[in-house]
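Novice: Can you build the whole structure from these sequences, using the hints too?
Line order of the protein sequences matches chains W and Y.
Take 1 as the starting number for the first sequence in the working numbering and just add one per residue.
Take 178 as the starting number for the second sequence in the working numbering and just add one per residue.
Among these hints, one or two may not hold up.
[To be verified] Pair ranges (Cβ atoms, derived):
1) Y:Ser417 with W:Glu101: 43 to 51 Å
2) Y:Arg400 with W:Gln31: 40 to 48 Å
3) W:Met147 with Y:Leu493: 54 to 62 Å
4) W:Gln166 with Y:Asn363: 38 to 46 Å
5) Y:Glu215 with W:Glu101: 51 to 59 Å
[Claimed, not checked] Mimicking DSBU-like on lysine-lysine, the simulated pairs with C-alpha atoms at most 30 Å apart in a straight line are:
6) W:Lys85 with Y:Lys450
7) W:Lys27 with Y:Lys223
8) Y:Lys223 with W:Lys85
[What the hints assert, rightly or not] If the Cβ cut is set under 10 Å, some of the chain W residues that face chain Y in the computed set are:
9) Lys19
10) Ala22
11) Gln31
12) Met33
Derived from the structure by calculation, the hints contain no laboratory data.
Don't be surprised by glycine CBs; every beta carbon is placed ideally from N, CA and C.
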Amino acid sequence: MHELLLAGFGGQGVMLMGKILAYAGMKEKKQVMFIPSYGSEMRGGTANCSVILSDEEIDAPVVSKPTVLVAMNTPSFDKFEASVKENGIIILNSSLITREEIRENVKVIKVPASDIAKELGNERIINMVLLGALVAATNCVKVDSIMASLKEILPPHRHDLLPLNQKAIEAAMKLDK
Amino acid sequence: MTNKILMKGSEAIAEAAILSGCRYFFGYPITPQNEIPEYLAKHLPKVGGTFLQAESEISAIYMVLGGAAAGARVMTSSSSPGISLKQEGISYMAGAEAPCVIVNIMRGGPGLGAIQGAQPDYWQATRGGGHGDYRLLVLAPATVQEAVNLTYQAFDLADKYRNPVMILGDGILAQIMEPVELPEANMQLPEKAWAVGKNENRPRNIVSSSYPKVYELEQVNIRLHERYAQIKKNEVRWDSYLTEDAEYVIASYGSAARIAKAAIKMARAEGIKVGLIRPISVWPFPAEPFQRIIPQTKFFLSFEMCTGQMIDDVRLAIGNERPVYHYGRLGGVIPLPEELLAKIKELVKEAK
Chain W
1 MHELLLAGFG GQGVMLMGKI LAYAGMKEKK QVMFIPSYGS EMRGGTANCS
51 VILSDEEIDA PVVSKPTVLV AMNTPSFDKF EASVKENGII ILNSSLITRE
101 EIRENVKVIK VPASDIAKEL GNERIINMVL LGALVAATNC VKVDSIMASL
151 KEILPPHRHD LLPLNQKAIE AAMKLDK
Chain Y
178 MTNKILMKGS EAIAEAAILS GCRYFFGYPI TPQNEIPEYL AKHLPKVGGT
228 FLQAESEISA IYMVLGGAAA GARVMTSSSS PGISLKQEGI SYMAGAEAPC
278 VIVNIMRGGP GLGAIQGAQP DYWQATRGGG HGDYRLLVLA PATVQEAVNL
328 TYQAFDLADK YRNPVMILGD GILAQIMEPV ELPEANMQLP EKAWAVGKNE
378 NRPRNIVSSS YPKVYELEQV NIRLHERYAQ IKKNEVRWDS YLTEDAEYVI
428 ASYGSAARIA KAAIKMARAE GIKVGLIRPI SVWPFPAEPF QRIIPQTKFF
478 LSFEMCTGQM IDDVRLAIGN ERPVYHYGRL GGVIPLPEEL LAKIKELVKE
528 AK
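Specialist: This is the structure in structure tokens:
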């Protein structure tokens, strides 16, 4: 069972990333749950969501000890580093997060996601770069399922962005190898 | 092959209402259920329906009464403070025998409280809620799929018993997304010969809760009471999990019941024989499965996201036969399975 916690600034595409993972899991006939956080939060504050992907029925609608944390910025890393399960994975956007991890019993993968996105010509695909890193590290869903889901979630007039999204995912996957 | 789609609990409730033939929605915004009106504002006009945001919860519930009196399938939704505001109108609807569906997506209270999911309105929902001696049929889904199924059935039940039906959910259920399978659209709605409206071939119908003559009102009370007895006989719904060999039984409904299930799996892994009885209809309350399991059970534990309300119904069901405990987190804090597990272990230790 994968219990993923995705966190970043509002506007970095955290919610979309979570939805794509849930859709992709559903396409692969997995049990899935998408749990958005909501609250009286400010613009520019942290946004986060959790996704559970499982082969068995999902019980509790809550992720307290994620198996994977994707932190897009420093406040998210600060807030959730301690919560990650022992032997879990933390994927960092190392373009923005410069501090070292405190945890010793987790695997930390540093992805310069903002820089990779910039190189690809669109800073708004940071989430896709990190999604690629997540898939490479966990095999939680297949890239094909992600692309098929993205096609369904994005409105048709945005479909011209699909190749760019795919490039972002692939760039990150190569990086890990 | 079944065609599953990923839906948010609140959106799924809204879509199920449309599929069940609901064509009128009157409401006023409040978190964490705003996706229900948002969805219906977008989709009701496409099927020839009407979405109307009223100036207050109170006017919204009376618009619901108007729509119901005219024979339409009509719904309102709100969250705890907004449902309190609607209580007068809900009582009027119970008295006028006007069928409707009311969705309460509970949040932390009292007062304005907080917007996170909680379960503090059990008493209000299951004891009528407003003034007068009435009951609502109250259904409490635990998953997005169950929210679809129960909302879809709620309109039929409301029409069948000419009584308001409440869907009692919480902020967690409304916000999570899960795959769901949607039912076919209901195209055959029941005839309502009692409804008001233009019809020259019958005497004038009146839908009202006003009965100034006491003996007449007493007859209405008796009739409603007999109807509630029918609902108690026909509409009790519940689910159970690992109760066959259970020595300890948790009572829990809605989102809390899912957390309970996770805790039970952990407890079972440690050899503790715990089971779950999950009321799906919280009124009528499923007393019978609790009574049946008394001989094998050492204690009952009511697990609710409040200070303990359903525990009363568990106690009414089993009397003084066994101890009944409570555990829960308050104010919108989501209890974790690990916490419940710790409580179970503590109680098991004490019981030995």
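Novice: Evaluate each hint against the coordinates.
Specialist: Hints versus structure:
1. Y:Ser417 with W:Glu101: 43 to 51 Å: Since serine 417 of chain Y and glutamate 101 of chain W have Cβ atoms about 45 Å apart, the given range 43 to 51 Å holds.
2. Y:Arg400 with W:Gln31: 40 to 48 Å: holds, 46 Å
3. W:Met147 with Y:Leu493: 54 to 62 Å: holds, 55 Å
4. W:Gln166 with Y:Asn363: 38 to 46 Å: holds, 42 Å
5. Y:Glu215 with W:Glu101: 51 to 59 Å: Given a distance of about 40 Å, which is not inside 51 to 59 Å, the answer is violated.
6. W:Lys85 with Y:Lys450: Status holds; Cα separation ~27 Å.
7. W:Lys27 with Y:Lys223: holds, 28 Å
8. Y:Lys223 with W:Lys85: violated, 47 Å
9. Lys19: OK, holds: lysine 19 of chain W within 10 Å of chain Y, min 7 Å.
10. Ala22: holds, 6 Å
11. Gln31: Status holds, d = 8 Å.
12. Met33: Interface hint status for methionine 33 of chain W: holds (6 Å vs cutoff 10 Å).
In summary, the structure is inconsistent with hints 5, 8 from the numbered list given earlier, while agreeing with the others.
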